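Colleague: Sequence:
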Amino acid sequence: MEGCFICKLSINDGRATVTLREKGARNINEFSKLRNDTKVAKSGDVVHQDCRRDYTNAKSVKQKELDYKTTENRVLRSQEQFNYRDNCLFCGQFADVKDKRKGTDVFPVRTKDFQSNIEKICRERNDEWATHVLTRIVFVHDLHAADAVYHQRCSVNFRTGKSIPSGTPKQSKNKTGRPQHQQAQAAFQKTVEYLLQNEDEQLTVIELVEKMKDYCGDAAYSTVHMKSKIQKYFGDDVIITEINGKPNVITLRKTATSILHDFHQKQNASDPESEKMNIIKAAASLIKSDIKSKIGTKTEYPSVSDVESLECNEHYLPDSLRLFLNSLISTCNHSLKLSAIGQTIIQATRPRSLIAPLQIGLAVQMHHHFGSRFLIDSLYNMGFSSSYSEVQRYEMNAAMSQGTDIPEVTEEGNLQYIADNVDHNLRTIDGHGTFHGMGIIASVTPGFMRTNCIPRTDVNIEELKEIGKIDIRPYKLDKETHTSLKFMKLNQVNATSYSESLSLLSRTVWPIKSTGWSALCQMVYGGVFPGKSSIVYLPMIDMNPSDLTCINSTLHFISKEARRHNADPVVTFDQPLYWKAVNIILNEAESSTLKSMVVRLGGFHTEMSFLGSIGHIMNSSGLSELLETVYASTAVGHMLSGKAISRAVRGHFLTQTALTLLITSEIYDFPQYTPGTDTDDPSQSYLDDKENFPKADTTCVDNEKPSESNQILPSEIEQLITVFEGIIQSNISIESLNDNQTLNIISERIRLFRKSLKNCRTASLWFQYMDMVELLRQFITAERTGNWNLHLKSLQQMLPYLAASGHNLYAKSVHIYLQQMQNQFTFIYNKCKICLQRILP
5 MEGCFICKLS INDGRATVTL REKGARNINE FSKLRNDTKV AKSGDVVHQD
55 CRRDYTNAKS VKQKELDYKT TENRVLRSQE QFNYRDNCLF CGQFADVKDK
105 RKGTDVFPVR TKDFQSNIEK ICRERNDEWA THVLTRIVFV HDLHAADAVY
155 HQRCSVNFRT GKSIPSGTPK QSKNKTGRPQ HQQAQAAFQK TVEYLLQNED
205 EQLTVIELVE KMKDYCGDAA YSTVHMKSKI QKYFGDDVII TEINGKPNVI
255 TLRKTATSIL HDFHQKQNAS DPESEKMNII KAAASLIKSD IKSKIGTKTE
305 YPSVSDVESL ECNEHYLPDS LRLFLNSLIS TCNHSLKLSA IGQTIIQATR
355 PRSLIAPLQI GLAVQMHHHF GSRFLIDSLY NMGFSSSYSE VQRYEMNAAM
405 SQGTDIPEVT EEGNLQYIAD NVDHNLRTID GHGTFHGMGI IASVTPGFMR
455 TNCIPRTDVN IEELKEIGKI DIRPYKLDKE THTSLKFMKL NQVNATSYSE
505 SLSLLSRTVW PIKSTGWSAL CQMVYGGVFP GKSSIVYLPM IDMNPSDLTC
555 INSTLHFISK EARRHNADPV VTFDQPLYWK AVNIILNEAE SSTLKSMVVR
605 LGGFHTEMSF LGSIGHIMNS SGLSELLETV YASTAVGHML SGKAISRAVR
655 GHFLTQTALT LLITSEIYDF PQYTPGTDTD DPSQSYLDDK ENFPKADTTC
705 VDNEKPSESN QILPSEIEQL ITVFEGIIQS NISIESLNDN QTLNIISERI
755 RLFRKSLKNC RTASLWFQYM DMVELLRQFI TAERTGNWNL HLKSLQQMLP
805 YLAASGHNLY AKSVHIYLQQ MQNQFTFIYN KCKICLQRIL P
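Residue numbers (the working numbering): 5 to 845.
Worth double-checking, as some hints may not be accurate.
[Unchecked claim] Derived DSS-like pairs: lysine-lysine, alpha-carbon spacing no greater than 30 Å straight-line:
hint	residue 1	residue 2
1	K231	K217
2	K231	K292
3	K231	K298
4	K116	K236
5	K298	K233
6	K298	K483
7	K536	K647
8	K341	K490
9	K647	K816
10	K46	K292
[As the list claims (entries may be wrong)] Okay, the calculated beta carbon distance ranges per label pair:
hint	residue 1	residue 2	range
11	V101	G48	57 to 63 Å
12	E416	A287	54 to 60 Å
13	E132	G48	18 to 24 Å
14	P580	L340	44 to 50 Å
15	I725	L658	18 to 24 Å
16	V532	P411	20 to 26 Å
17	T245	K280	52 to 58 Å
18	T519	G626	42 to 48 Å
19	P411	R25	24 to 30 Å
20	N330	K280	18 to 24 Å
21	S313	P580	42 to 48 Å
These aren't lab readings, by the way, just hints derived from the structure by calculation.
Remember, it's a predicted structure, so these values are computed and weren't measured experimentally.
All residues carry an ideal CB built from backbone N, CA and C; glycine is no exception.
Please model the entire structure based on the sequences and the hints provided.
Modeller: In structure tokens form, the structure reads like this:
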């Protein structure tokens, strides 16, 4: 360039020069902003060295700003640039009230309405002339008191939308000094009004500067000057601080001193009603001031622990609000109610700057239980919860934050995956548009609770799809190289269990103690409990779950996720998916990562199939009629098919207990009764027709002749009760039950009783039914206690019943499952054994 960029003088005047690079130009531009200058430098510009040094001197910049403030204050106090008494309010030229020449009529401002009307016209005109007039008006609260004057002709032109009258010089567009400063002041006033209208949003100084630029462009203040002007304008009523990483956040509030001062100024002892209202208004102002002083954020949602903790929710309220509500609410133990009402008030006071924990917590809970947009929006409109759109935003951010990560998976813990078909009827009228895909979850033991806060960001569907994406692995069965599964002989599995002894004990003493088998097991089984498991929901595959490509993709996804968490890949399927998954893994190459996967046959579905086997075998035996005395006929049908699994287990356990009481009553010829019922007569037996019932062989265990002493006496019942109470009170160890003499005698006599009735087909059927129910108890014990050998033993004992009842698919799948765990894949057996032993003690 021909001249210096800063001083505009020639660069050939003999002074040292320098050519600016990108960094130097950027530095000069930063100081240009600090100086409120319009200079813009670029790389390649040539400047004097001393000009550059002086221009980028921080001390000179600070001194210039100080001089600017001093000049500004002097102008406002003395009105050196504009005299309201001598100059026309509109055109700014000299106006003499005594001048009576035509066209120069001058009038003083006489009413307060004049000022408000002119301000309104200024905003309607919104042009350069209106800006100058508004700048003169905003600095005087009362134009009449300031003796302001104006030309009548100028007033008419201004009100009718015309320009400045001819003969009156217009303001120069490029005029420097005072006019530009007045334009900035007007823009600052608009910015203050914007701040007051949006004070709940916790605006920053930078945002106000940007807003001021919308009003006056380059004449807007710098960040430093804007912060100073805001502090000077509001005084003690403003707090500028850093909140959640956002610098210079502006919070407007009234101090307690100012509120109390206003209250004392309004006191009127002669009017008690007005004084009461003033007290209430002052209290409300104090509480509102404390609420506004509370640091809040909308950049992240409250954590789960904050929502669940009653103490955290109560301390979320300011002390003044908590004291006020404590004085209002009179019920006892009202902490939750107090917190809910208090947070509702806080949310209503600052709707845009924070999210109260109970507000979002209630909305998410209602959405989880009912899924009703109308319900949530109704609660939101009444101020009790967050909106439905906020809940949707929360769920999207929660899904984005979690992804497929599973925290706190340690080597001491256990991680297992479960996959099954998932159905969702989107349209139930015509049956179209339903979702039928593969759902995947992960079970983590011991469980965990997420403590990290969920960020509140704008998440779109594409981002969610990206984190929930599962690579589809096409699979095509090659029939030429396909390897078929072969059935092999199973090894006998031995397992130590106390399930049978506990079952016999609970069934025998049940009429007296009324303690069920499940309750007894819960009380006597001990050990180190690893804790409750947690379930993590993983992405779904929108494909037919039975499709081989879908199953293959699921296996690869689980294998990849398990390796990422340094865990063994263990997955559970139901029977149809299990069979196909095993075939896929069997035909994989030896180098495939799927070869190390452990595929388990789902215990829940196996139990359902076995219950169906019991119902099929006992069909037309009278079992359904027996159960219908307790359950409805439709429910009994579902119970015997294995669908109503909880009712079926309960019904079969009750039936087995009743049969045991009938047998023991017949063996020992001692009536079993339930105290406190209509059959409270010890002489009344449960057997209605002893004459027609087959007589039992009363041969003693030691082959002695039956004698009166071998019958159950009250003393022997007391021995059973003593054993029961000893187990409950831990005086007798559970390990000694299998060797307990009393239980062994009862067990042996039941065996001899069964042997004596071996020719009775009806009795044999019901004895077989009792064996099947006992096997069901054993399987449930293995699943709940993590006894791996007992788990395999139970499945092996189920095979004959599954085959006899026509459950062939489960019969072959259970056989292959046992075969893999025992013979072919020893390393899988050991790995799965370790995994199951970590689930429960």
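Colleague: Which hint numbers doesn't this structure obey?
Modeller: 6, 8, 10, 13, 17, 18 and 19
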